[in-house]
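Guided by the hints, dock chain B onto chain A, whose structure is given.
Below, each chain spelled out in residue letters.
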Amino acid sequence: MERVQATAIVRDILEQEAIFLEEKRWDDWLSLYTPDCLYWVPAWRRDGTLCSDPRRELSLIYYASRGGLEDRVIRIRSGQSPAGEQLARTTHLVSNVRLEDAEQSGGMLKARASFATHFYAPKDRKPSICFGNLRVKIVQADAQWRIKEKIVQLQNDYIETFLDVYCL
Amino acid sequence: MPSLSSTVRDLIDDRPAEGIFRVHSRLFTDPALFDLEMKLIFARTWNFLGFEADLSKAHDFVTTSIGRTPVLVTRSKDGEVGAFLNRCPHRGATVCQQEMGSARAFVCPYHAWTFDSAGQLIGMKEKSAGAYPSNFDAMAHGLTPLARVGIYRGLIFGSLSEDVASLEDHLGPMKFFIDLAMDQGSHGMEPIPGRSVYSFRGNWKLQLDNGLDGYHLTTAHASFLEVMMRRRTGQGNTSANSLDFAKNMDARQSAFAFPNGHCALVNELPEDARRPFIDMEEVRSRIPEERARWVDLNYNTLIFPNLQLIQNTALALRIIRPLSPDLTEMHYFCLGAIGEDDDRRAMRLRAFEDFYNAAGLATPDDSAVYEMCQRGLAGGDGQWLQGYMRGVKSLEPGDSERARAFGVRADQSATGSIRSGFETQLHAAYRQWAAMMGDARMEAA
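Here the protein sequences come in this chain order: A and B.
First residue of the first sequence? That's 1 in our numbering, and the numbers climb one at a time after it.
First residue of the second sequence? That's 1 in our numbering, and the numbers climb one at a time after it.
Only chain A is shown next, with the shape it has when bound in the complex (with noise of 0.2 Å):
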């Protein structure tokens, strides 16, 4: 595959991802992981390092199965989750698509990405932004692309209030 294809692939998907989240559509946003996927977000350690070892150190969110993603998607919904009442409004950009390898073995595709979520519930009055960088591993599974990696570096984790899926 092309460098530039392979580009456009993850970039698609990446895009794809951030607007099922903007538009809420939670059952589409799931249906980009595989149900074996790793979705991490380590944490920072104090002395100003990124942990590396879930097992043995803290994550903000560490799911080895989408299964964990759809524990959020029924917190959301359930209407019953306070944090949740006035969902905020969000804006997810994603930019700055590398990819990792060169190779690409396997048909999987490894990239990095930078992002810059905004979000805003009107009881806050105000806006809150996460924003980082992230690494994917991109499968085709089903006839189609799917992400089966995706590991979140949060710049900012002096996190207001709370933090959620939506927000990253």
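Source of the hints: derived by calculation from the structure; they are not laboratory data.
Any given hint could turn out to be false.
Stated by the list, open to error - Partial chain A-side listing against chain B, Cβ under 7 Å, derived:
#  : residue
1  : Trp26
2  : Thr34
3  : Arg45
4  : Arg46
5  : Asp47
6  : Ser52
7  : Arg56
8  : Glu57
9  : Leu60
10 : Ile61
11 : Glu70
12 : Ile74
13 : Arg75
14 : Phe162
Backbone N, C-alpha and C fix where the C-beta goes; we use that ideal spot for every residue, glycine too.
This is chain B only, laid out in the frame that chain A set:
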């Protein structure tokens, strides 16, 4: 409504003979009261500073605060744990900007006054050219040491005031809970690496209350219970191994108000409930059975004024850091046994992340309701709050049968079930609040 000529103490309506206990909303909103709390509570009692496990080697340090006062905690080259104001005596800049690390010297970035890990000044730039007055050398130039530093079971506490009881006397019955937590590991417990720090736009006492409030579980966390219901069928993030609270609503709950403002809620879950991730066999081989049997208890505790030690399936410790009347910073730690294996540690982490994280499925709902409370409490003369009377008719003065079973001495106890959602344990905190805020006049407030 207390009149303007009354004292701050009158903002707690405490009439035990009538069963009435109310807290005035001004405690959560009044900037003058907040300033008094910093001066009369935080600056006059023991505050949790950090973990000895974070200072395992000479020159290791952490930074924290007492109220709004920045504090640097170090282990000196001689191995002594010390705590100092993180404030250069020259112009006041913080001399250490990091949360944690190791440093033989702290160099103030402003004019390079330099301090060793025992807080002593070891260098003053251009001192001889400084034409200082002749009595300047007689002044102490080091970092200001805290008046008192004490360590109990690896937890470091400090006080800005000399005039406090010994740390052990101050902790009193809370030593029982700290012991339960620290006994989990044969080499003690440590904060697992990884920051969980967040803020909410509400008064710090909203967290104080909520940390010992079981009553909100089935409403504020209804979405979490729904997720847990679905997990019973094997769907969702079952590997989080969280406690299925809805299954245990009839489990016995004890509410204890202890001396010095400390309090606890203890839930005795049935044997078939998910237990905390503790190697109980190892614990039983090491400590006497009469203590070991309580190590996997389920508890929510407050070590007054702002430290909460909690166990459901994970063991968590939170520091409530007041920033202003309507802004609070939370520092949350997942505790693990030093040297425990990867599997057990991963279990602790996944459960902690699931429930307690600010990016988890429960804590965000707590923070969101604090902000609703803060909005609701705003304005006017305020109002007496009715959130401190669940359990009044179950109150026993002193120790209950359960207190005696655990071996803790309480000022008052209540026994019921998780459904009781007791609030009377919080009387301890607000009585201590009233005692310490004392006779300050409302005009001053």
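Each hint, compared with the structure:
1. Trp26: violated, 14 Å
2. Thr34: Because about 15 Å separates threonine 34(A) from the closest Cβ in chain B, which is outside the 7 Å limit, the hint is violated.
3. Arg45: holds, 5 Å
4. Arg46: holds, 4 Å
5. Asp47: holds, 5 Å
6. Ser52: violated, 10 Å
7. Arg56: holds, 5 Å
8. Glu57: Check passed: Cβ of glutamate 57(A) comes within 5 Å of chain B, closer than 7 Å.
9. Leu60: Holds: closest Cβ of chain B sits about 4 Å from leucine 60(A), inside 7 Å.
10. Ile61: For isoleucine 61(A), the interface hint holds, since the closest Cβ of chain B sits about 5 Å away, which is under 7 Å.
11. Glu70: holds, 6 Å
12. Ile74: holds, 5 Å
13. Arg75: Arginine 75(A) check passes; min Cβ-Cβ to chain B is 4 Å, inside 7 Å.
14. Phe162: Result: holds, 3 Å to nearest chain B Cβ.
Going down the numbered hints, you'll see the structure goes against 1, 2, 6, while the others check out.
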